[in-house]
Amino acid sequence: MIEVKNVGKSYDGNPVLERLNVTVAEGEFVTLVGASGCGKSTFLKMLLGTESPTSGELLLDGKPIASEPGPDRGIVFQQYSVFPHMTVLENVMAAVGFAQRGLTGYLFGSKRKQARQEAEAILTEVGLGHALKKYPHELSGGMKQRLAIAQALLGKPRILLLDEPFGALDPGIRADMHELVLRLWQEHKLTIFMVTHDIKEGFHLGTRLWVFDKVRHDPHAPQAYGATITYDLPIDHRARQPAPQTTEQTIAPLLAEAAS
Amino acid sequence: MKRLINLTPPPASRLFLGLLPFALLLLLYVIASDARLAENANDKLLPAFSQMGEAIDRMALEPSKRTGEYLFWQDTASSLKRLGLGVLIAAAIGLALGLFTGALPLVHAGVSPLLTVVSLIPPLAILPVLFILFGLGEASKVILIAIGITPFIARDLQRRTQEIPSEQLVKAQTLGANTSQIMVRVLLPQLMPKLIDAVRLSLGAGWLFLIAAEAIAATDGLGYRIFLVRRYMSMDVILPYVAWITLLAFLFDWLLATLSRRLFPWNAQGAH
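Sequences listed follow chains G and B, in order.
Read in order, the letters of the first sequence correspond to residues 1 to 260 in my numbering.
Read in order, the letters of the second sequence correspond to residues 1001 to 1272 in my numbering.
These are computed hints drawn from the structure, not numbers from a lab.
Computed from a predicted structure; not experimentally measured.
The C-beta atom is built at its ideal place from N, Cα and C for all residues, glycine as well.
Warning: the hint list may mix true and false statements.
[Stated by the list, open to error] Pair by pair, the computed Cβ-Cβ distance ranges are:
| # | chain 1 | residue 1 | chain 2 | residue 2 | range |
| --- | --- | --- | --- | --- | --- |
| 1 | G | Ala256 | B | Pro1105 | 45 to 55 Å |
| 2 | B | Ala1109 | G | Lys113 | 34 to 44 Å |
| 3 | B | Leu1020 | G | His137 | 50 to 60 Å |
| 4 | B | Arg1200 | G | Lys189 | 45 to 55 Å |
| 5 | G | Lys113 | B | Leu1120 | 48 to 58 Å |
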């Protein structure tokens, strides 16, 4: 579904990413890990359309990805992803309103009723059925992210982009969110790209894990080369999921290898 | 002993501390006024509160012998009409300019430099131009207020629009929103409390322009009256008028703050 052909990205002549060549099939769950500043978020932004590749081609179904965000690619950021002036229910109903043509995106009559039912259903699904009338600032970090996910799902995207969505959450809540994301991924048959700092999270969630790093180094010009995907690891979940400690055992040699 | 920066007054004494300077000023005035009046019973500079009371009685509760109007209320109504109209026009134009220049880079590129330059023109310097163009009637006073505070509101709201996290705009686009939907549903509602804030901050300047315009060319109004009775050194009228203007300014500010809190509960302190 997505083809990345020799894509590179540089800012002011300083390459951030270079020589990316991968293909992703429909329904994959790709997790992107790597050090800060290695370009994994930049890659996500290129998929989103807020950044464009400086070289190479980024194709979705054989056509270049639009250079602005669109309804086929949903997004959940680490923060600021929900509208602070709308209640939980309004936030999700707005997603339905935005999908319609029109000047204002407000819904009336039977359309509004139907949007309300859809919104309530998805909010119950993500576990926010009890907080419909609350404003985002009254929600905890985890609930806010649940709302952001519900909102993104009602936009009915084919691809869901997650930019460190659980980076600011407590470990316990993070585990709940992992369960939620895996369930929604299967139910809604999504293709997911998720940037994370947490390599364990990457192994736990993904069907495929990409490690971003620089392969070429010039000690006299540290900015001379960009990062690329150094590891593209398929993850077999049937073997790994029931026993999380095996995940750790899998990571340890990889980390040692990455460090050396 | 705690450090001075860590010492906070308990609630009861906080009220006392707040009222203390008012009481001291009043006391000082009464003493000075008494001293002057004891020396010369016809002194006009520091009238006693009883004299101010009589003046207000005359202005507010008795019809004017010349026109049959209650001057105090007539002045208040005229001034508030001018101020209200001017501020309303400024708020409407300022909101539109701020929203469009803040949200649309193309409009920003075309309008923003002009707006910056216009905001640097001292409004009082073009008051003669307004008098020439619009005559000495109501229009020129209202337009002075509007011209005086529109650039401030527009530039403030432009900045507020740009401060709205771009994540929200991206999110709306991934949900299929077009430009006008984003402006109407994402940006505009979040600007409304900021508009009220901007209006509150610009009301002081609004009063300044109102009183200046009334002082120069008017037949009624709070500013007109103050400058008129100055010729007779009627401090017994001027001081109550100034106090009344201050009270009105305080009331509007309080009203707008309350309105903002009631209408936009999501805009609470620290909300994101």
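Contradicted hints - numbers only: Those not satisfied come down to hint 3.
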